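The chain contents come next:
2 protein chains.
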Amino acid sequence: MNKTIETILNHRSVRSFKNETISDEKVQQIIQSAQAASTSSFLQAYSIIGVTDQLKKDKIAELAGNQSYVAANGFFFVFCADFKRLQEASVMQNKEISAATESTEGFMLAAIDAALAAQNAAIAAESLGLGICYIGGIRNHLNEVSSILETPEKVLPLFGMAVGYPDSYQEQKPRLPNDLVFHENEYQNDKNQTKKKLLHYDDEILQYYKTRMNTKKEITWTGQVSATLEQTKRLYLNDFVKQKGFLK
Amino acid sequence: MNKTIETILNHRSVRSFKNETISDEKVQQIIQSAQAASTSSFLQAYSIIGVTDQLKKDKIAELAGNQSYVAANGFFFVFCADFKRLQEASVMQNKEISAATESTEGFMLAAIDAALAAQNAAIAAESLGLGICYIGGIRNHLNEVSSILETPEKVLPLFGMAVGYPDSYQEQKPRLPNDLVFHENEYQNDKNQTKKKLLHYDDEILQYYKTRMNTKKEITWTGQVSATLEQTKRLYLNDFVKQKGFLK
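Keeping their order, the protein sequence lines are chains A and B. Following UniProt numbering, the numbering of the first sequence begins with 1 at its first residue and continues without gaps. Following UniProt numbering, the numbering of the second sequence begins with 1 at its first residue and continues without gaps.
Here chain A stands alone, though its shape is the one from the complex (with noise of 0.2 Å):
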């Protein structure tokens, strides 16, 4: 296995950070990685913000859900899907765009090449001994943490990135089992065999949280998951994104 698959598949989330800022040059890593993701159609449709302002940290880990990790870190990044700019370009050239920008598959565009961006920002953080937590809290109250990064109309804060040089590391959170996420040729929709290979993770789910040094609890995946998933939430975002001007 080399080194980067090694990075890879060693990642966990790390909600703890020492006190310790990252070098400019770290930084400027991590950024020009995220800047070298594949993009579609070269549109490069998505901007990244830092947040180094310690009193907006603070405000956005309140909005987050009190998540300390958000104010306390190394460095925050927000990730956004951003047209604001390809509207700029548009208007340098004369051409009307607005259709594209404001359909589904202009915001599933943004979304995805925002989000490739992020997860080359995450590997390069991790190769260089940092931690990193994805931070999808922020889009508990978008509208506020608009405001605070004064993101205009056309650009859309997804989700935060919270990096750092780890105070403890977790360990990590066994995955589904391969075959129920890897189908060959076609997606493989047998109900028994899923329900089968679910209660067998729920075993393996279960030993984990019982027996795991952090926060030990007793729960399994699907009980987990389903809980989460009852709980509507976010349902603003159907009219703030629109408002942004996504999804018209």
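Be aware that a few hints might be false.
If we take Cβ atoms under 7 Å as the criterion, some of the chain A residues that face chain B in the derived model are [said to hold, decoys possible]:
#1 L9
#2 L86
#3 Q119
#4 H183
Here are the simulated DSS-like pairs of lysine-lysine, each with C-alpha atoms no more than 25 Å apart in a straight line [what the hints assert, rightly or not]:
#5 K197(A) x K95(B)
#6 K233(B) x K242(A)
#7 K95(A) x K217(B)
#8 K95(A) x K195(B)
#9 K18(B) x K216(B)
#10 K233(B) x K95(A)
#11 K195(B) x K217(B)
#12 K197(B) x K217(B)
#13 K191(A) x K242(B)
#14 K191(A) x K95(B)
#15 K196(B) x K173(B)
#16 K3(A) x K173(A)
#17 K216(A) x K173(A)
These are calculated hints, taken from the structure and not from any lab test. Every value quoted in this text rests on a predicted model; they were computed, and no experiment measured them. Beta carbons are placed, not taken as given, at the ideal position from N, Cα and C, and that holds for glycine.
Based on these hints, arrange chain B on the given structure of chain A.
Just chain B, lined up with the frame of chain A:
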């Protein structure tokens, strides 16, 4: 610069592959790497379909805009947003999760989950000496692609990825200047500054296309991207995505 960042920065899309299959071991490493990515609330809301049936690959290549490298490669992956497996989990737990999976939040979550996994797969593949190319073109005719892959409701193919041993490498396309993509603390929205930087980037891209080895052309970045976005593509997706159980 470490080996992993070197791999990331060395990325360019590969559109011509040797007629050589990829070993099962490598395919497994790629899938395992994909699964190691962060996933929102541990949901793992995506699936990966490996298309090995040449007839299916040929059909998908035709649907994706007759791109030969979709049919001729070492391996072809399709990454899907997937709430189907989570629905099975919720049935097992007697929970009702439709409101969550049909929401804008659910769609964002699943699409981002899939993209993070895909970029891990891309970097893993490149670290193994393979080349990759994302195939957004499958969204040209997602209904037909879904039929070929037999993806049920609540599973939405998002993009493909052709992987293989590179037959030829293209040059790297220069990315947008760092200070147009990266913003500190708040989104930089000075139109004059943006225009100035875009004009400078236009010169760089014009020069790149004029002097690169393959398929020279004479176009600027703003010219290219505004022409791309002026053509509103894939408008059917607004309905199709709903029909598949997302973004309702």
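Checklist entry - Looking back at the hints listed earlier, which ones does the structure fail to meet? => result none
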